[in-house]
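Asks: Spelled out from the first residue to the last, the chains are:
4 protein chains.
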Amino acid sequence: MPDYSNMNRKIKVGILGCTGAVGQKFISLLKDHPYFEISDIAASESSKGKIYSEHVNWKEAEAIPEDVAGMKIKSCNIEDLSSRILFSRILFSGLDSKVAGEIEEKMARAGFIVISNSRNHRMNEDVPLVIPEINSSHFDLIKKQKTRWDSDGFIVTNPNCSVIVLALALYPIHKKFGLKNVIVTTMQAISGAGYPGVSSMDILGNIIPHIPGEEEKIETEPLKIFGEFEQDKIKFADLKISAMCNRVPVYNGHTLAISFETEVKANKDEIIKSWNELKSFDTPFSPQKVIHYLENEFRPQPLLDLITENGMAVTTGNLRKCNILDWKFTALGHNTIRGAAGAAILNAEYLVKNNFI
Amino acid sequence: MPDYSNMNRKIKVGILGCTGAVGQKFISLLKDHPYFEISDIAASESSKGKIYSEHVNWKEAEAIPEDVAGMKIKSCNIEDLSSRILFSRILFSGLDSKVAGEIEEKMARAGFIVISNSRNHRMNEDVPLVIPEINSSHFDLIKKQKTRWDSDGFIVTNPNCSVIVLALALYPIHKKFGLKNVIVTTMQAISGAGYPGVSSMDILGNIIPHIPGEEEKIETEPLKIFGEFEQDKIKFADLKISAMCNRVPVYNGHTLAISFETEVKANKDEIIKSWNELKSFDTPFSPQKVIHYLENEFRPQPLLDLITENGMAVTTGNLRKCNILDWKFTALGHNTIRGAAGAAILNAEYLVKNNFI
Amino acid sequence: MPDYSNMNRKIKVGILGCTGAVGQKFISLLKDHPYFEISDIAASESSKGKIYSEHVNWKEAEAIPEDVAGMKIKSCNIEDLSSRILFSRILFSGLDSKVAGEIEEKMARAGFIVISNSRNHRMNEDVPLVIPEINSSHFDLIKKQKTRWDSDGFIVTNPNCSVIVLALALYPIHKKFGLKNVIVTTMQAISGAGYPGVSSMDILGNIIPHIPGEEEKIETEPLKIFGEFEQDKIKFADLKISAMCNRVPVYNGHTLAISFETEVKANKDEIIKSWNELKSFDTPFSPQKVIHYLENEFRPQPLLDLITENGMAVTTGNLRKCNILDWKFTALGHNTIRGAAGAAILNAEYLVKNNFI
Amino acid sequence: MPDYSNMNRKIKVGILGCTGAVGQKFISLLKDHPYFEISDIAASESSKGKIYSEHVNWKEAEAIPEDVAGMKIKSCNIEDLSSRILFSRILFSGLDSKVAGEIEEKMARAGFIVISNSRNHRMNEDVPLVIPEINSSHFDLIKKQKTRWDSDGFIVTNPNCSVIVLALALYPIHKKFGLKNVIVTTMQAISGAGYPGVSSMDILGNIIPHIPGEEEKIETEPLKIFGEFEQDKIKFADLKISAMCNRVPVYNGHTLAISFETEVKANKDEIIKSWNELKSFDTPFSPQKVIHYLENEFRPQPLLDLITENGMAVTTGNLRKCNILDWKFTALGHNTIRGAAGAAILNAEYLVKNNFI
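Protein chains in written order, with my numbering: chain R, 1 to 357; chain A, 1 to 357; chain V, 1 to 357; chain D, 1 to 357.
For reference, chain R alone in the conformation it holds in the complex (with noise of 0.2 Å):
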C-alpha cells in the first residue's frame, strides 16, 4: 500500500446524497481523512448548481468542513453524473433507497467505485455486503462484478445500522461455538430513520413497536455476512435469527437485547474472550478493540458508551444465563457512525489497504 500518511495527493472521493443524513455524515467524518479528500458532493436535481453550506439543513454537531462548505452541488442525475463531470475515484452513497439502486448500478458501469450504505444491491449475489473485521475474504466477489458491469467500477455495501452490532457482537461466538438460535429485540435511535424521520409526536416519551422492513434484514443479511466464500460464491450460514425492533426516543445509538444458543456449549468466560479477540486492523476508522465488554451490569447505556473508540467500537454488557436458549446480553452500537457512514469509510479504508483501489 502507498503511505497515505505522507502521500501528496489523497484519493479524490464523491458523496452521493450529500444533504441526507448520512451524507451529511459521511462529510463530517471524512474531514481530515488521511486517506481521501472530497472532490465531488452530489444530490437531488433540485439542489444543482447551489452552495453546500448555504443549501444544507446541517445537522451534525460539528461545522461544516471548511473545504466542502464552499462547493457546489452536483446532480446525481444519471446523465449528469457521468466520468466526465466528477472527478473522484471513490463514491460513498448515502442515497434514499427509492432511488439508491438505479443511480449506483449506473454508475458501476460507468467505471467508479461504489461504497454504499443503502439497502438496495446488499443482497446481490455478486455484491460484497461486508464487515471488515467478519468477511472481507468476500471482497473477492468484486472479480465477478466487473465482469457483470464490463468496467472497473464495482458496488460495496455494508449492513443495515442495527445488523452491524448484532453481527459484530455475535460474529467471534459464532465462529468460535456455532450458533444455531437468535432472538433479539432492538431499541433503536431516532437518528436511524433520517431525517425528518420520526416525528416528535410519535416518540416524545413513547416507544413504537415497528420498524417496517427492519425485521427482514435483521434475519437474513447476517447469512450472507457470516456465509462462506465457496468458488466464487457465498454460502449462506445456517442459522436462524428472529428480530422484534422498536423505535425509542433515543437520539444515536441501537441497543439490542440478544439472547443466543450455540452448538457447542461456551462459558462465560469462553465468550467473553472470543469478544475480546476479535481482531481489529490497522486502518485510521478501525477500532483498536472492536468489541468492549464492560463489566457493570447498568452497560453498555447510549448516553455513557456510544462514542466509545469514536463510535467506531461495539459495546458489550450483563452476559447471563438464559432459561430458554444459552446466554444472553446487551449490545450497543452507534448507528450512524460505526452502523452506516463509518462503516463505509471502513471498508473503503479497507480496500484501498489491501490494493482492491
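Identical copies carry no separate label here, and so any pair may be met within one copy or between two of them.
Cut-off 30 Å, straight-line C-alpha distance, at most; resulting in silico cross-link-like pairs (DSSO-like, lysine-lysine): (1) Lys176 / Lys217; (2) Lys321 / Lys98; (3) Lys321 / Lys59; (4) Lys176 / Lys240; (5) Lys321 / Lys175; (6) Lys235 / Lys176; (7) Lys235 / Lys279; (8) Lys59 / Lys279; (9) Lys50 / Lys289; (10) Lys273 / Lys59; (11) Lys48 / Lys74.
Don't read these hints as lab results, they were simulated from the structure.
Following the hints, put chains A, V and D in place on chain R, whose structure we already have.
Replies: What follows is chains A, V and D alone, placed relative to chain R:
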C-alpha cells in the same frame, strides 16, 4: 353480595405508604369508589400527625381527593397501627419492600385484610398471588393463611407490574395451547421505579439495560400464577421464561416484546381468539374486555393505548411468526394502574363481591 | 335558549380539516356533546369518499367516537362543500391556514356559521376574535359581517394557542390595573405544530428558539381581544407586548414566563384576587373557575396541571416582584384544548346559549 | 511565564469533591492539560481510601483518565487536608455548597490556591468573582485576601452557570452602550442540578418553572462581575436584571431568552460587532472567539451549538427589536464546561499565565 352501589355504608379502607407513588395512586383511584372509602392513611414515623395535603409531594395529575386532603397521617410503626387506632377493615399496602414484610404480617395477625402491592409475601406458600381474571381460585389459600395467623386477617398480593402485563397476555394462550417457552424483553417506564426513583441524568435520551431483581420476578411469579390449586397448595406451572429488562424514557407504560412456543400449535386467528375470549367480571375496576388486540402493526404504543379501559386493559399487537419459537408479539400495560394500585383494588373488589370480606 | 340537555335534536355540525390534529381534537372533544352532533366531516380532495376510521392516522389517546368512525369523508373543495351536500349549520374549522382563508369565506357566504381555529380571518375588521370570558361583546361584529357576505353565515375565530393562555392570564390584571408593558417568553409544546410537525431529531433533548410567525401573533392579537367595541368597530387596546417564543420537548401544554407593568400599581393579593374573580359562564366546556393560582412555587407544570378543569382552565403560579417591570409569574394552558379546539367549541357554546345561532 | 508546553514538571493540582458531577468534569477536562497534572483527589469521609475507578459512579462519556483511575481518594475532612498530605499547589473545588464554605477557607488559610466553582465565597468583598474575558482586573483582590488569611493561599471563584452565559453575552454590549435593564428567562439543563439531581418523574416531557436560589444569583452576580475595581474594592455596576428560571428536559446547555435596554442606543450591526470584538486570550481553554453570533434564526440550539469551541464559547442568535426594551436575543452556553469546570480551569490558566501562581 350486598348492593354497594346503593349502600349506606361503604367498607372503610386504609392506605399504608400513603405518601409514596403507589400510595398516591391508591388514593387517586379510590376517589368515589362505590365499595370503599378511605378512613386511614399511614406512612413512616416522620410523617405522623401531619395533614396529608400539606405534607405529601403529590405527583398525580388529578388533585388530591377532598376527603383525604385534610386527613392526618398515622404512623406505620407497628405498635401504632393496632386495631384501636385504625378504623379500616382493609389495608391497601403500597409500602416500600424494605418495611412491607414485617408491617403487613403484623397487620394480618392483628386481624386486618392486607391487599398488598409489595413483593415481600408474594411467593409465600399460603399467600395468594392473584390476577383475578387468571387464578381467582388461589384466593382459597386465605383459609390456610388465617390458620397461620390465628386471626381473621390475611394478606393477598398482586404480581410485579411487568408480570401482570405478561401474565395477562400469555394466560389465554397457555390455557388453550400450553406454553413451553417464553422469551421477553421489557421496555419499562420510569414510574415503575417510584419517586424520586430514576435520576433524569440516567434516563433522558437513554436506555438502562438492567433493573435489579426484575428479571427474577418475571421468570418466577407467572409460574405460581399459572399454577394449579391442588390440595391446599399451588403446584407451579411447568413453563420456562427468560426475561431481559430495560428502563426507557417513557413516563407510564411497560412495553413487552414477547416470543413464545406452545405445546399445541396454534394459528394467528386462534391466538387472537383466545385473547378475545378472556373473561372479565362485573366489578367497578374490571375492564369490559381484558385484552385488546390491535390490528395496526405500529401498535400498541404507550402514548396512544395506555389508557384503554381506564388503564385496566392490556393491549397486544403485531402478532407474527417467530423464526425460533412459534410466535412473537408486543404487549403493553399501564404499570401503575393495571400493574400496581389498580391490580390491588381489583383483587379487593373480587374478594368483596365473592364474600371473602 | 332551548334546553339542549333534553332536546330531541342537537345542532348538526361539520368538521373541516377532519384528518388533521385540530380536526381530530374537535371530533374527540365533541363526543357526547349536549348541544352538537357531528354530521359532516371534510378534508382535502385526496381523502374524499374514504371511511374515516380507515383513512385517518388517529393520534388521540381516546378511540375514535363510534358515530364518526364509519362516516365518509367529504371534500373541502369549495365547489363540493355547497349547502346541498352538507347537513350542518355550524362548521368547526381546523383547516390548515394555507387553504382556510378561501374555504371559510366561501362557507360564510353560502350561509354557514364557521367557528374557526385558523389564523386567516382573525384580524379582519368585522370578524370577532373572541375568548368569551374576555370579549364576548365582540360577537356583535357578526351583524356587520353578515352584511358583507350578504348571507346568514359568518366567521368567528379564536386566538392563537399561546395568545389564549396569555390573554386569559393578563385580562383580569389589565381590566383592574391597566397593563402598559408585557414581556413574555414562551416554552411551547410540540403538539402546537401539528402532525407530523416537529421532527424528533430537532427537539429530542433540545430547545428551538424560534417559531415562525408566532411572536407577531402574540404581540398583536391581544390588542384586538382587549379592545373596546366602539361604534361597530374594535378600538385596539393600548399596551405593548414583546414575545420570545421557544419550542420545547413537551407533548402538550404551553408554559409562559411573563413580566408585566401596570398603570395602577397592585399588590400580590390584589392580582391573585383579580384572577380568582374572572367570571366563567354556564356551558358544558366552560371551566368552573377560569384561572387557578397555585401557591406552590414549583407550579404550574405541564405534567401536573395541564388537565385542570379538563384542560379548559389556565393555571398561574410563582407571582413575584420583577426588578424591571412590576411583577412576573408563570402561566400554563393546554394548547390543543383551551388553546385550540376547546376554545372554538366554547365560542360555539356561547353563541348558542346567547341566541346568535 | 514559564513555557509550560515544554515544561518538565506540570503544576500539581487537586480536585475537591472528586466524585461529584463537577469533580468528574474537572478530571475529564484536565486530561493531558499542558499546565496541570492531577496529584490529589478528595471527597467526603466515606470515600476515603477507596480507589477512584472502583468507587466513583462515573457519568462522563469519556473513560476515566488512566492516571486518575487508580488513585486513592483522600478525605475532604478539614483536619486531613493539611499540606502534609496534599501534594498540590492548586485545589479545584467542585464541593457541594453545604461544605464548600468552611473547607475552602481552611485550605486558603493553609496556603493553597483554591479555584472554586461553589457559590459560598463568590460575593465576599475580597474574593475575585471572575470571567477572565470580562474582569480579570478583579484578580488584584487576591492581595487583599492573602492579608486576611495571613498566608500565600487564596480563593478565586467563577460565577453561577447561567450567569456566565448571561454575563459573557451582555458584557460587550454593556461596555460599549451601557446596560440599564435586562429581563432574562432561562431554560436550564438537568445537568446543572448535579447527580442524581432532578428526578426523571419531574422533568421527562415537563417544565419546572422554579430553581431555588437561581434567580437571585442571576440578578446579583453580574453586578459584581461588571463592577469597577476602585481602591481595592469592587464598585458594583449600576444595572437592573430580572430573571425567570426554568428547568427543561435538556441534558446539557442553558438557553437564555434575553431582552435588554441600553443607555446609548445601538443598531443591530453594532451589537453583533461588539460580540465579535470581545477579546479572548492565549491559553489552552480559551476559545478563539468568545461569542459566536449565528445568522440562522433557529439557532443557537443545545443539540447543534453546544460544543462550539469545545464548549467554551457562548453562541447567540436571533437578535431582533424588543417592543418594550431595546433588543432581544437568544444565548446558549455549556453549563458544565463554560459554566462550571471549564470556567474554573480558565481562571487557573489565566492566573498561571499572568504570574499570580
